[in-house]
Every structure is written in C-alpha cells, then in structure tokens.
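*Asks:* Protein chains in written order, with the numbering used here: chain W, 5 to 238; chain D, 5 to 238.
Don't take every hint at face value.
In this list, chains with the same sequence are indistinguishable; a pair is considered to hold if it fits within one copy or across any two.
[Claimed, not checked] Computed cross-link-like contacts, BS3-like style, restricted to lysine-lysine with a CA-CA straight-line distance of at most 30 Å:
#1 222 to 232
#2 32 to 232
#3 78 to 32
#4 222 to 34
#5 32 to 159
#6 34 to 78
#7 32 to 222
#8 232 to 34
#9 159 to 34
#10 159 to 232
#11 78 to 159
For the record, the hints were derived by calculation from the structure and aren't laboratory data.
Since this is a predicted model, take the numbers as computed values, not measurements.
Chain by chain, the residues:
Protein chains: 2
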Amino acid sequence: LSLEEAVEGADVIVVAVPPLAMPGLFPKLKGIGEDAVVTDVGSVKSFVIEAARQGMGERFPQFVPAHPIAGSEKSGVEASAGDLFQGRRVVITPVEETSREALGRVRNLWEQTGAHVEVMEAGHHDRILAQTSHLPHMMAFALMEMLAERREAVKFSAGGLRDIARIAGSDPALWRDIALTNREALLEALQHFSEAMRGLAQAIEHREGERLLEHLTKGREGWNTLVKSMSKEL
Amino acid sequence: LSLEEAVEGADVIVVAVPPLAMPGLFPKLKGIGEDAVVTDVGSVKSFVIEAARQGMGERFPQFVPAHPIAGSEKSGVEASAGDLFQGRRVVITPVEETSREALGRVRNLWEQTGAHVEVMEAGHHDRILAQTSHLPHMMAFALMEMLAERREAVKFSAGGLRDIARIAGSDPALWRDIALTNREALLEALQHFSEAMRGLAQAIEHREGERLLEHLTKGREGWNTLVKSMSKEL
C-alpha cells in the first residue's frame with residue numbers, strides 16, 4: 005500500500021514525521037478527498053505551513069497545523085500512553101487560507117483526547133517554543149556532550165544533573181530537524197541564554213557577590229512564575 | 005547558649021552552613037575537646053578546608069571535610085527526609101593533617117545512614133562537582149532569569165523545561181556562596197559548556213545538518229553513560 009493509496013478515502017490524516025521529512029510528504033496528499041482534513045503534530049509550525057502550502061496545492065486549506073505540547077524523550081510504540089494528552093495544551097496555528105470547517109474538526113479531535121486547545125499565530129508559537137523547549141533541549145545536549153567523556157564525573161551526579169540531562173536522551177535526528185527548521189527563533193533564544201550565562205560568569209569572575217545574587221534571585225523568581233503557571237493550569 | 009558553649013563536650017560537630025559563613029564559624033570551634041570530631045556537608049571542599057585550617061588552629065586535624073551528594077532544591081525542616089542518604093554517595097576529602105582516627109569515625113557515621121563513602125582529593129572533588137552540579141545550577145538559574153519576564157511563554161512549558169528549571173528553585177544566597185567559593189573550577193566548567201553551546205549554535209547558524217547531528221549524537225551518548233552509571237549504582 006503506497007502512501008497515496010493509504011490516504012485515499014481517509015477522513016482525517018495526521019502527519020507525524022520529523023520536520024525535514026514534511027516537504028517530501030505533502031505532495032503525496034494531493035489526492036485526498038475534498039472533505040478530508042490533514043493535521044500534524046510538529047514542534048515547529050512556520051516551516052511546516054510553508055511545506056504544506058508548497059506541496060498540497062489546492063488542498064492546502066484542508067491542512068490544519070497543530071502542536072500537542074506533550075510527550076517525552078522516549079520514542080517508539082513502547083513509549084505510547086493512552087492518557088498522554090489529558091490536561092495538556094495543543095496549539096493550533098491556522099493561516100488565512102485554512103478552512104474554518106477543517107479547523108473545527110481538528111479542534112474537536114484534540115478536545116476529545118482531553119487536551120486544552122489554544123489558537124495562535126505560527127510565528128508566535130515558534131518563538132515561544134524556541135524559548136521553552138528547543139533551547140532547553142540544546143542546553144541538555146550540550147551539557148551531556150561536554151560530560152560524555154567524563155565518566156568519573158558522571159558517577160557523582162545528583163538529581164539536578166539527571167533532571168537536566170533527561171531530555172538529552174531524545175532522538176538526535178529529530179532535534180537536528182527541529183533546530184534547523186526553527187532556526188531564527190532558536191538562534192535568538194540561544195543568544196539570550198548565552199547573555200544570561202555571561203552575566204553569571206562575569207559576576208563570578210569579578211567576585212561580585214551582590215550582582216551574582218541579583219541574577220540568581222531573578223532566576224528563582226522565574227521558577228516561581230513557572231510553578232504558579234503549573235498550579236493554576238487548565 | 006552560645007556556639008562556643010554548645011560545642012563544649014560534644015563528640016561530633018556537623019557544620020552545615022553556607023560556604024561563606026564557614027570562615028566566621030571555625031574559630032568558634034577552637035575550644036572543642038581533643039577527642040571531638042568536626043565534619044561538614046558543604047558542596048565545595050578546598051575553600052572550606054582552608055577556612056578550617058585558618059580558623060581551628062591546633063584542632064584542625066580533627067576536621068574531616070565531607071560532602072553528601074544528596075538533597076533537593078528545598079530547604080528548611082519541612083524538607084527533611086529520614087532516608088535522604090540511603091544509597092547515595094558521600095565524598096570525604098581529607099588532607100595530610102587530617103587525623104586517621106577522626107576520618108574513621110566520620111566514615112562510620114555516614115555509613116550508618118546507608119550512604120556509600122568515597123575518599124578523594126579536595127581539588128578533584130571541586131572540579132567534578134563544578135561540572136555535574138554547580139554548572140547545571142547556573143544553567144537553570146540563567147534559563148529561568150531569561151524566562152522570568154516571559155509569562156506567556158512559560159504557560160506553554162512541557163516536562164523538559166520543568167525538569168531543567170527545578171533546581172532554579174534553590175536558595176540563591178547559598179548558590180552565590182557556592183559559585184564564589186568554587187570560582188575557578190566553575191569558571192572552567194562554564195567555559196567548556198559555553199564552547200559546547202557555541203558549537204551547536206554555529207552548526208545551526210550555518211545550516212550544517214551533519215555537524216549538528218554529530219554534536220547532538222554525542223550529547224545523547226553522554227546521557228547513555230549517565231543512565232548506565234545510574235543503573236549499576238552502589
């Protein structure tokens with residue numbers, strides 16, 4: 005069964021491939037019925053929307069870009085979980101052309117999994133996710149690349165390192181794709197993070213205790229904001 | 005009851021104050037008995053050893069520097085846990101002057117909590133902990149400082165950010181002390197991490213997919229090393 009045959013007569017098609025595989029896939033969806041809807045679960049949206057626009061031709065309005073913010077570093081069938089989307093957020097990023105009817109169907113589909121749907125502009129989604137997900141993944145990968153050769157050091161890891169490192173267990177090929185397809189927003193987030201790190205390093209280097217304490221206190225305030233947003237969640 | 009009175013006649017004194025409070029504390033231990041032992045639980049060892057050497061005078065050989073690698077971002081009596089040290093590592097970093105008898109007693113004390121004791125040189129301990137604990141804390145604080153003003157972004161955080169951010173809930177004053185008293189080792193770790201981040205950023209900026217994948221794959225190998233060291237633990 006080819007992909008073209010498989011999607012013929014389908015009501016809903018969920019595209020769940022790494023970002024760089026998307027451009028090759030959308031042209032194969034040209035033959036879907038005019039009542040079918042196509043949606044995706046990708047972590048980057050502007051790139052995927054462009055790929056769909058280029059690839060799907062006149063079926064493009066039937067594509068509803070979506071991103072369920074859920075999952076883990078694990079992959080494969082064994083990592084599946086029936087309640088994965090319960091109480092989690094799903095962001096839908098329609099464009100002008102997107103059919104309102106298709107949007108409604110995809111929203112309904114996600115709401116049935118117990119997820120909370122939010123609609124926003126694709127570029128806004130990409131900047132937010134660069135900061136809260138793509139940057140933290142790059143941090144974890146970089147830290148573990150640095151520690152990969154230091155086997156003895158790793159023996160003395162406590163909970164902090166283990167937590168921070170967990171997402172470096174994610175699929176490197178998937179994260180290469182995400183990084184390259186959300187390039188500008190990620191580079192901006194990397195730049196901001198690097199400035200925050202430099203602020204700390206300079207305070208440490210110049211033994212400026214007061215300034216260092218200010219930075220660290222702001223960091224803890226950021227954590228408090230996150231904890232509050234978690235507790236009043238959904 | 006003053007500190008001087010409190011320690012009079014004590015068998016074992018456990019110093020558990022932030023690093024920068026140590027230099028003011030050790031001189032108050034000059035009046036301890038000649039059979040008493042003093043130990044600490046500080047995250048940095050070379051600095052604490054120097055403070056004890058300066059402050060304790062002829063009682064210095066009775067000081068056994070120690071660091072239990074356990075705990076959480078929480079502080080206060082409410083964060084106490086009876087099994088906190090069970091199966092965890094405690095590093096003891098004696099110096100030439102350290103009494104072997106005192107060392108044996110402190111080792112015994114820790115082993116009774118269910119901890120696994122390892123003896124190493126203080127500078128070695130400090131370099132390892134800079135990489136596996138002090139650097140990750142600075143990363144978490146810097147990330148959350150950067151995100152502190154971005155309340156909307158934080159709403160869309162998934163598990164990765166929450167895990168990585170948790171240790172930014174730690175006490176900023178304690179971490180200022182740790183950073184300043186393990187300054188050189190931490191600056192070196194910050195430098196290495198910054199190079200690893202720059203490697204990723206440059207590959208992304210120049211759209212070098214192969215090079216990016218190599219970095220990320222090494223990062224995942226580092227995570228695998230950590231997982232293996234956790235599974236065959238103690």
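*Asks:* All hints are to be evaluated individually against the structure, with a verdict given for each.
*Replies:* Going through the hints against the structure:
Taking the closest pair of Cα atoms, residue 222 and residue 232 come within 30 Å of each other only inside a single copy of the chain (15 Å); across copies the shortest separation is 35 Å, beyond that limit. Proximity of residue 32 and residue 232 under a CA criterion of 30 Å is satisfied in neither setting, with 44 Å inside one chain copy and 42 Å between copies. Within a single copy, residue 78 and residue 32 get their C-alpha atoms as close as 28 Å, which meets the 30 Å cut-off; across copies the closest is 53 Å, which misses it. For a Cα distance limit of 30 Å, the shortest separation of residue 222 from residue 34 qualifies neither inside one copy, at 51 Å, nor across copies, at 39 Å.
For a Cα distance limit of 30 Å, the shortest separation of residue 32 from residue 159 qualifies neither inside one copy, at 49 Å, nor across copies, at 36 Å. Neither within a single protomer nor between protomers do residue 34 and residue 78 lie at most 30 Å apart by alpha-carbon distance, with minima of 32 Å and 55 Å respectively. Taking the shortest Cα distances, residue 32 and residue 222 never come within 30 Å of each other, neither inside one copy (49 Å) nor across copies (35 Å). For a Cα distance limit of 30 Å, the shortest separation of residue 232 from residue 34 qualifies neither inside one copy, at 45 Å, nor across copies, at 47 Å.
In this assembly of identical chains, the alpha carbons of residue 159 and residue 34 never lie at most 30 Å apart, being 53 Å within a copy and 36 Å across copies at closest. In this homomeric assembly, residue 159 and residue 232 come within 30 Å of each other (Cα to Cα) only across copies, at 10 Å, whereas the closest approach inside a single copy is 34 Å. Taking identical chains as interchangeable, the C-alpha atoms of residue 78 and residue 159 lie at most 30 Å apart whether they share a chain (23 Å) or sit on different chains (23 Å).
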